[in-house]
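Student: Chains as they are written, first to last, in numbering that gives the first Met the number 0: chain A, 0 to 87; chain B, 0 to 87; chain C, 0 to 87; chain D, 0 to 87; chain E, 0 to 87.
Just so you know, these hints were derived from the structure itself, not from any lab.
Have a look at the derived ranges for each label pair, beta carbon to beta carbon:
1. G50/D <-> D68/B: 30 to 36 Å
2. E32/E <-> T12/D: 19 to 25 Å
3. D83/D <-> E53/E: 38 to 44 Å
4. E51/A <-> G38/D: 31 to 37 Å
5. T12/D <-> E51/E: 16 to 22 Å
6. L87/C <-> T12/E: 14 to 20 Å
No residue lacks a Cβ here, since even glycine has one placed at the ideal position from N, Cα and C.
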Amino acid sequence: MNLARVVGRVWATRKLPDLEGLKFLILQPMDLESSDDVGATLVAADSQQAGEGELVYYVTSREASFPFDRQYTALDAAIVGHVDRIDL
Amino acid sequence: MNLARVVGRVWATRKLPDLEGLKFLILQPMDLESSDDVGATLVAADSQQAGEGELVYYVTSREASFPFDRQYTALDAAIVGHVDRIDL
Amino acid sequence: MNLARVVGRVWATRKLPDLEGLKFLILQPMDLESSDDVGATLVAADSQQAGEGELVYYVTSREASFPFDRQYTALDAAIVGHVDRIDL
Amino acid sequence: MNLARVVGRVWATRKLPDLEGLKFLILQPMDLESSDDVGATLVAADSQQAGEGELVYYVTSREASFPFDRQYTALDAAIVGHVDRIDL
Amino acid sequence: MNLARVVGRVWATRKLPDLEGLKFLILQPMDLESSDDVGATLVAADSQQAGEGELVYYVTSREASFPFDRQYTALDAAIVGHVDRIDL
Chain A
0 MNLARVVGRV WATRKLPDLE GLKFLILQPM DLESSDDVGA TLVAADSQQA GEGELVYYVT
60 SREASFPFDR QYTALDAAIV GHVDRIDL
Chain B
0 MNLARVVGRV WATRKLPDLE GLKFLILQPM DLESSDDVGA TLVAADSQQA GEGELVYYVT
60 SREASFPFDR QYTALDAAIV GHVDRIDL
Chain C
0 MNLARVVGRV WATRKLPDLE GLKFLILQPM DLESSDDVGA TLVAADSQQA GEGELVYYVT
60 SREASFPFDR QYTALDAAIV GHVDRIDL
Chain D
0 MNLARVVGRV WATRKLPDLE GLKFLILQPM DLESSDDVGA TLVAADSQQA GEGELVYYVT
60 SREASFPFDR QYTALDAAIV GHVDRIDL
Chain E
0 MNLARVVGRV WATRKLPDLE GLKFLILQPM DLESSDDVGA TLVAADSQQA GEGELVYYVT
60 SREASFPFDR QYTALDAAIV GHVDRIDL
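Could you put together the complete structure from these sequences and hints?
Tutor: If you want it as structure tokens, here you go:
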């Protein structure tokens, strides 16, 4: 899993029917030791009512559809938890 | 999912029979915060009648064949939605 | 598999029910020849009672749920062994 | 899918029995907008009688074994088409 | 598949029971055109009695467990062949 800050939201009315009803957030991955941003933003489906500015962790690839009970959905990134605290 | 701009199209007459009838577009991935291009272009099958210049989002790896009901097709990137609006 | 140093721990009370009971550690991947850090930190589920500062190896993607007998869990990184010695 | 130029061939007599009979080519991935090389070369199984210098597209990961009707072969990159023309 | 030079070995007595009996080697991926090292070292299970200094090719992700007839093992990199000759 990787950690990211929620930095925005994507609106898409025309899309695969399978993706209807999902909320798509924009994530900026972060390095935990340096708190620097790492790599480019990505778009993830939200299974955790995440809000802007929150620190979350997310999974990628096929695992991303499991939180939505949609095993064959064309989905490859999903938020799976909120981060409460980090000990370094 | 990642976001990209459609920048072109690939024509390939000799290919795997499984890939017949699919439209292949060239995508340039983008970073949403900076609007910069990120990484190299890739080729994705289009499930959404996307046109040149449009902002789309796409999935990669095994998920890419689901929009086409082709579970065992050698396909690893597919456009799954048009982006209408982004809130940052 | 990749090698990493355990550099911290993540606490997350709100998360997918499937992830309850798992311990999540922060890993810093390393290059073995140079002993340099490589790439950004990531979060992995721990199947090996790993402790801070230890050198471990981990798997990513779908393989990560196998140590926990959870084949369809939204989990994409897991520690699978402690490194005792490296011969270069 | 990604695009690449065929730049060579790999000969390997000692290998997994499952890989017998496959032709392995060396690919240099390319960026289509800049025509620059991107990233390192990789080795892909050829399902399309590709020749040196040709522009091809290829898939990676589990999809790579589908063209060979070998679902559980340890194969993670395969050429699936020749590129005839690119419109940018 | 990618090519790499075998640069060392990892010893790990405490690990997942599923991984018992496997030999783990340290690989340094290489670019074939430039012969430069590319990216960080990784750890792969050896299905080919590879020795230090040898040039090998390896697969990653789920394909890595196929050479060992262990479909659900938490293994994500495996050596599958020795490279005899490269034509560029």
